[in-house]
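Listed below are the residues making up each chain.
There are 2 protein chains.
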Amino acid sequence: MTPSDPTGGAAGFGLAVRGVDGKARLGGIETAHGPVRTPAFMPVGTAGTVKGLLPEQVRGAGADIVLGNTYHLMLRPGSERIARLGGLRRFMNWPGPVLTDSGGFQVFSLKELSEITERGATFRSHIDGGRHELTPERAMTIQNDLDATIAMAFDECTEHPASRERAKASMERSMRWAARCKDSFAPRDGHALFGIVQGGTHDDLRRASAETLVGIGFDGYAVGGLAVGEGQDEMFRVLETTVPHLPEDRPRYLMGVGRPDDIIGAVARGVDMFDCVLPTRSGRTGQAFTRRGAVNIRNARHRDDARPLDETCACVACGNHGRAYLHHLFRCNEMLGPMLLTLHNVTFYQDLMAGIRAAIAGSRFGTWSAAFLEGYRSADAPLP
Amino acid sequence: MTPSDPTGGAAGFGLAVRGVDGKARLGGIETAHGPVRTPAFMPVGTAGTVKGLLPEQVRGAGADIVLGNTYHLMLRPGSERIARLGGLRRFMNWPGPVLTDSGGFQVFSLKELSEITERGATFRSHIDGGRHELTPERAMTIQNDLDATIAMAFDECTEHPASRERAKASMERSMRWAARCKDSFAPRDGHALFGIVQGGTHDDLRRASAETLVGIGFDGYAVGGLAVGEGQDEMFRVLETTVPHLPEDRPRYLMGVGRPDDIIGAVARGVDMFDCVLPTRSGRTGQAFTRRGAVNIRNARHRDDARPLDETCACVACGNHGRAYLHHLFRCNEMLGPMLLTLHNVTFYQDLMAGIRAAIAGSRFGTWSAAFLEGYRSADAPLP
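So the protein sequences, as listed, match chains G and V. So in my numbering, spot 73 of the first sequence is number 73, and the numbers just go up one at a time. So in my numbering, spot 292 of the second sequence is number 292, and the numbers just go up one at a time.
By construction, these hints were calculated from the structure, which means they are not laboratory data. For clarity, every value in this text was computed on a predicted model and none was experimentally measured. Cβ coordinates follow ideal geometry from the N, Cα and C atoms, glycine included. Heads up, some of the hints might be wrong.
To be verified - Reference excerpt, derived from the structure (chain V facing chain G, CB under 10 Å, subset only):
#, residue
1, 48
2, 52
3, 56
4, 60
5, 77
6, 324
7, 368
8, 383
Make a model of the complete structure from these sequences and hints.
Here's what the structure looks like:
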């Protein structure tokens, strides 16, 4: 996709597919705020900060794009305030593109605090109990205030499990909302609006949702309503039945995913973009991702171990600090522990994506994936 | 002081006084682990980390030396463990010299958890209730395990207020302990042991303490038992009566001080070294130091203010982020808020010391101090 593409993507925004290996795609997305190499993982910066990291550390780890949460930002500090301060990127001093979710996922998670109608959702703030409304139109206004490089359609993330009837009604409402989003979205060069496929685990609903969205026409397509408890096998199956109905020339984004093996499996099924709180949240609780799987640094086995978390990692935590020190920091509840483990985990995820991209470029994604997963599923290095 | 100084400083450790302006001294301390420019402020790294900062950020802010706390480190992770891991500097990846306190200050703060005899102190850990002992000899062993560049004598920080009788008995015990520390300290090239002057606010006791310590012979001399509630005027008075009894060729260290105006006043009275938790602790609670005094970033007046904390500051927080963003981070309890404010405050303190050193070098310490304090005591910049 280029700005001049006749099928009608936003000017200055587009995916160039530079290579394929099976269904895995290597590409680059052009945006108003710089390029995104795909497959891409977006660190989550919920309230305008990737928790525990300076923006330059996020960039230095290799991230091209970060995610912000509309729900959190509309409540604090408020989207109008962020607009006055020059948009989210300037507010948080992030030099690259940002993608914002629509707020729907959080609002529907509030359950008893929210009420849903065809018009949209009203809800009480979890912070001060104040009443707020989110509709497709309001979600577009807020994301415009935030100056999101990529805005997401306001949709309903269907719960799991959901009956076919429930999944169908929920998906169809999301499709009506998607059309309203498209209508009220203010196009700007290099900015994009993505639609979100719903339909639970029902193949025909997923296909209908994808076809409806493609009919409306979006700059990219997300697959929503997964990683909500259905399990990896079922998630992969839904991707296999959904992705073929999405246009090849637009980015495909699997929302809220996931673990390294989830990402590898989804890339193999044609997905280009991911986000997940796992690397940052795990980093704060002492879980580190390594080439040999997850490590809980709080475990006593690390207390005399001067080796880095991961010998092959180039991050500051691995370059400058041993496990014994990281263990000590977590045992003492020192801020530097979460800071260093978050930096490591975000670096690990970006290195994972770089490895995936290099493997696709070299037409060896299958063998690379198998080797990575074999290492990832092996035990942590034995004590020295 | 040079390594060959006939008065007997430790080999490879010494103060070179490079300029004086009134009683203020400009100098450099040579150590086994690199030089320290004086007057120097040592950020506090209690448990082997300056809270909220990477070691390279502490270094980048201009700090030559950091302080570690024997009490905390002996309990967690244990000084023998740190010795096995190569000493505190290697453990925390700090490239410069470290000064460790003796643990006495914390132990005596425990009060009902500790018992003091002529032999030393026994106490229960605030972490797990385990029984521990600190004596002059044990404090030397632990600080040797930590590979402290500068070890401090084990002393009793006399409480304030203290009767003359109480202050005398306490000081005299500290002097007996100082002699035991000197006897059991294992000298190594470029490593130092400092004695600590006590005596409360009693001039004759301070003088007697200083003379006793000089008689024993230390590589540097600290003034302890101040900044414990006596007030700035009284603190300055004690410095004026104490410092003249300390040798000119050894570093003078005012422990636990302090606010910028305390530091400037103490430098004017001949002090070379400082430490205080104020820049780091304040940074975590939202108080920032600026050229125009302290600013509480949580105050609502900052919520729409895109300007930096301090226009003249070159730190990352001031260079890349506005007050509105910092305010937001603290309102949302985001880790990045304390991280950025700590970085700013530590930078502010190092800039303060650099300003002091430049002013002494230029023989304009008096006018510089007056101008700095006038600015520091003015109100925060008006809203734009």
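Results of checking the hints against the structure:
1. 48: 7 Å, holds
2. 52: 5 Å, holds
3. 56: Hint holds; residue 56 (chain V) Cβ to chain G Cβ min 8 Å, cut 10 Å.
4. 60: With a minimum Cβ separation of about 12 Å from chain G (threshold 10 Å), the hint on residue 60 (chain V) is violated.
5. 77: Residue 77 (chain V) check passes; min Cβ-Cβ to chain G is 5 Å, inside 10 Å.
6. 324: Hint holds; residue 324 (chain V) Cβ to chain G Cβ min 6 Å, cut 10 Å.
7. 368: 32 Å, violated
8. 383: 14 Å, violated
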